[in-house]
Amino acid sequence: MILSDLLDAPVRAASGDLLGYVVDVRLVLDGPLDGGILVTPRVHGLLVSPRTGTSFLGYERTDVRSPALLARWLRWRHRGTFLVRWSDVAAVGGDVTLAQDYRRWSPTFPETVHQHPTT
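In the UniProt record's numbering, the protein residues as written are 1 to 119.
None of these hints come from the bench; they were simulated from the model.
From a predicted model like this one, the values you see are computed outputs, not experimental measurements.
Keep in mind that the hints are not guaranteed to be accurate.
As the list claims (entries may be wrong) - Simulated restraints, written as ranges between beta carbons of each label pair:
#1 TRP105 - LEU3: 16 to 22 Å
#2 VAL39 - GLN100: 28 to 34 Å
#3 ALA68 - GLN100: 36 to 42 Å
#4 GLY94 - LEU29: 25 to 31 Å
#5 SER106 - ASP17: 20 to 26 Å
#6 ASP95 - VAL28: 20 to 26 Å
#7 SER15 - ARG51: 19 to 25 Å
#8 ARG42 - LEU69: 33 to 39 Å
#9 ALA68 - SER15: 35 to 41 Å
#10 PRO10 - LEU38: 32 to 38 Å
#11 THR40 - SER15: 30 to 36 Å
#12 HIS44 - ASP101: 15 to 21 Å
#13 ALA68 - ALA90: 36 to 42 Å
#14 ALA68 - ALA99: 34 to 40 Å
Here a beta-carbon is modelled for each residue, glycine too, at the ideal position from N, C-alpha and C.
Assemble the whole structure, with the sequences as input and the hints as a guide.
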């Protein structure tokens with residue numbers, strides 16, 4: 001599967017109810033990043049927006065506030081957006097189907113994610 005195939009895909013609950021559309025894919029890097037070691041990214045989860053298939057353009061991050069008018073408009077447009085972990089995805093085809101007991105998580109990053117280690 002190509003990650004871009006997930007973007008704009010309809011997301012459904014196990015019952016078949018439409019929950020929204022995939023607007024972004026969150027990846028994580030496991031393992032050390034120092035010493036020139038290449039680390040393979042893995043899918044952590046999907047951002048699901050109930051209203052639109054367009055991207056947040058990075059404005060879901062808690063520290064991105066400028067330009068203010070654009071940030072406010074994108075946050076309003078994506079209200080109700082949530083992160084669902086990849087482990088809660090039951091099936092991927094034309095649609096993404098979530099597990100019966102999936103959990104909704106906040107789409108924002110914790111502030112500590114943006115901090116770079118000091119050397």
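Now the hints, each set against the structure:
1. At roughly 19 Å, the beta-carbon separation of TRP105 and LEU3 lies within the given 16 to 22 Å, and the hint holds.
2. For the hinted restraint 28 to 34 Å between VAL39 and GLN100, the CB-CB distance of approximately 33 Å keeps it satisfied.
3. The hint said 36 to 42 Å for the Cβ distance between ALA68 and GLN100, and at roughly 40 Å that hint holds.
4. A hinted range of 25 to 31 Å holds for the C-beta pair GLY94 and LEU29, which are about 29 Å apart.
5. Restraint check, SER106 to ASP17: a C-beta distance of roughly 21 Å satisfies the suggested window 20 to 26 Å.
6. Roughly 24 Å separates the CB atoms of ASP95 and VAL28, a value that falls within the hinted 20 to 26 Å.
7. About 20 Å separates the C-beta atoms of SER15 and ARG51, a value consistent with the hinted range of 19 to 25 Å.
8. Separated by about 36 Å at the C-beta atoms, ARG42 and LEU69 satisfy the suggested range of 33 to 39 Å.
9. Separation of ALA68 from SER15 is about 39 Å and conforms to the stated range, judged on CB atoms against 35 to 41 Å.
10. Look at PRO10 against LEU38: about 34 Å separates their beta carbons, and that is inside 32 to 38 Å.
11. The supplied range of 30 to 36 Å is met by THR40 and SER15, whose beta-carbon atoms lie about 34 Å from each other.
12. Judged by the Cβ atoms, the range 15 to 21 Å given for HIS44 and ASP101 holds: they are separated by roughly 18 Å.
13. In this structure the hint that ALA68 and ALA90 lie 36 to 42 Å apart at CB holds, the actual value being about 39 Å.
14. The given range of 34 to 40 Å is respected by ALA68 and ALA99, whose C-beta atoms sit roughly 38 Å from each other.
Figure legend: structure checked against the earlier numbered hints; every hint is met.
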